[in-house]
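Each residue of the sequence shown is one higher than the last, beginning at 17 in our numbering.
Keep in mind that the hints were calculated from the coordinates and are not lab data.
Hints should not be assumed to be uniformly reliable.
List of simulated lysine-lysine pairs, DSS-like, C-alpha gap at most 30 Å [claimed, not checked]:
no.: 1; residue 1: K88; residue 2: K100
no.: 2; residue 1: K312; residue 2: K88
no.: 3; residue 1: K100; residue 2: K312
Quick list of the computed label-pair ranges, beta carbon to beta carbon [claimed, not checked]:
no.: 4; residue 1: G149; residue 2: D94; range: 33 to 43 Å
no.: 5; residue 1: G275; residue 2: D105; range: 20 to 30 Å
no.: 6; residue 1: G40; residue 2: I85; range: 39 to 49 Å
no.: 7; residue 1: A98; residue 2: P70; range: 18 to 28 Å
no.: 8; residue 1: G274; residue 2: G245; range: 46 to 56 Å
no.: 9; residue 1: V74; residue 2: M151; range: 27 to 37 Å
no.: 10; residue 1: A269; residue 2: R320; range: 21 to 31 Å
no.: 11; residue 1: E318; residue 2: V92; range: 15 to 25 Å
no.: 12; residue 1: L87; residue 2: E244; range: 48 to 58 Å
no.: 13; residue 1: V159; residue 2: R261; range: 21 to 31 Å
no.: 14; residue 1: V116; residue 2: S308; range: 20 to 30 Å
We put the beta carbon where it would ideally sit given N, CA and C, even for glycine.
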Amino acid sequence: LYLQAILVGTVLIALVLPLVTSVGYTAGPFGPGSFYRAAGFLTTAAPCAILISPLVYVSAIAAVTQRGILLKGGSVLDALAACKVAALDKTGTLTTGELVCTAVTDIQDSSKRSETYCKGVEALAIAQALSRGSMHPVANAVVDSLEGRAEESSLPPVDLHNFTAIPGRGVVGDCFVNGSWRQSLFGSKDWVEEHLHNSKLFHAARTLSASPPSSAGEVVSMLLQVREGEVVGMHGFHFYDRPHRSSNAAIEAIRTTGGMEVVMLSGDNLGSATAMGEMLGLRPHEVRAGLSPEDKLHAVEEMR
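The whole structure should be built from the sequences, with the hints applied where relevant.
Next up, the structure:
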């Protein structure tokens with residue numbers, strides 16, 4: 017009620033005072049005007065919590081907005097004072113999220129790693145068709161790697177039906193290419209492996225999953241093709257992502273200035289996530305890998 021009374025009094029002084037006295041709205045022969053007097057009254061009567069604090073919140077929110085950070089409200093700033101852990105997503109937050117497709121591996125002969133455009137024409141065509149329906153960085157990398165290039169014109173046409181995107185896992189659809197239908201799955205290695213338990217390619221896929229990334233920042237997705245219940249092809253798509261130039265400094269600032277523990281959340285497999293974590297100066301226990309969007313939400317809830 018105190019705040020409301022002060023605001024009402026301020027309005028009355030500014031607007032009503034000239035109507036009942038000789039004081040004008042602006043400075044005149046009888047001294048300062050009503051607007052000036054109202055400002056003085058408000059400044060004197062209102063404690064810092066009424067005027068200064070809101071200005072601080074507004075200034076802080078404006079400052080972080082200019083840096084590309086959106087806050088839901090001032091309560092977020094209050095929560096930061098008691099925050100002990102900063103959970104950061106990997107792709108697009110600590111890294112650029114601009115993945116580049118570097119190679120395609122035929123899982124049936126994992127010793128041969130070809131450049132993206134050399135072999136696996138059907139695999140590239142199917143992966144491109146499936147990726148067009150997804151906004152995931154991996155899908156964007158597949159589309160961008162072929163868009164407008166001469167290799168794209170050499171790919172066989174793909175007729176895609178029953179397309180489904182599964183958040184945090186991958187995409188699946190029925191593809192008609194080169195005269196035959198095949199169910200195709202394109203996504204995380206763990207997800208694809210779930211469909212390979214009765215296949216002789218399961219061991220090959222597990223070997224690829226267990227192998228360390230060829231470089232920090234490497235991400236591997238799998239394309240599985242099944243026809244009449246039989247696996248007719250499986251390829252590993254290799255991508256590279258790089259950390260933001262400011263990520264290491266930001267993590268160090270959060271630790272030293274903010275006094276918080278930093279945890280990286282990633283949907284990548286443990287090997288790829290750990291390698292990127294090392295580049296960012298994160299310890300193994302500060303990296304959580306293989307997480308779906310729901311898993312990331314649960315992880316944040318557990319850290320509260």
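Right, here's what the structure says about each hint:
1. Simply put, K88 and K100 have alpha-carbon atoms about 19 Å apart, close enough for the 30 Å limit, and the pair holds.
2. Proposed proximity of K312 and K88 is supported: the alpha carbons are some 20 Å apart, at most 30 Å.
3. A hinted pair counts as satisfied when its Cα atoms are at most 30 Å apart, and K100 with K312 qualifies at roughly 17 Å.
4. Distance hint check: the CB atoms of G149 and D94 are about 41 Å apart, consistent with the given range 33 to 43 Å.
5. For G275 and D105, the hinted distance range of 20 to 30 Å is satisfied, since their beta carbons lie about 21 Å from each other.
6. Remark: the range hint 39 to 49 Å for G40 to I85 is upheld by a beta-carbon distance near 46 Å.
7. Between A98 and P70 the beta carbons are some 21 Å apart, a value that agrees with the proposed interval 18 to 28 Å.
8. Look at G274 against G245: about 54 Å separates their beta carbons, and that is inside 46 to 56 Å.
9. At about 34 Å, the beta-carbon gap between V74 and M151 stays in the expected band of 27 to 37 Å.
10. For A269 and R320, the hinted distance range of 21 to 31 Å is satisfied, since their beta carbons lie about 22 Å from each other.
11. At roughly 20 Å, the beta carbons of E318 and V92 sit within the given window of 15 to 25 Å.
12. Distance hint for L87 and E244: a CB-CB separation of about 54 Å, consistent with the stated range 48 to 58 Å.
13. Distance hint for V159 and R261: a CB-CB separation of about 26 Å, consistent with the stated range 21 to 31 Å.
14. Distance hint check for V116 and S308: the Cβ-Cβ separation is about 24 Å, which falls inside the suggested range of 20 to 30 Å.
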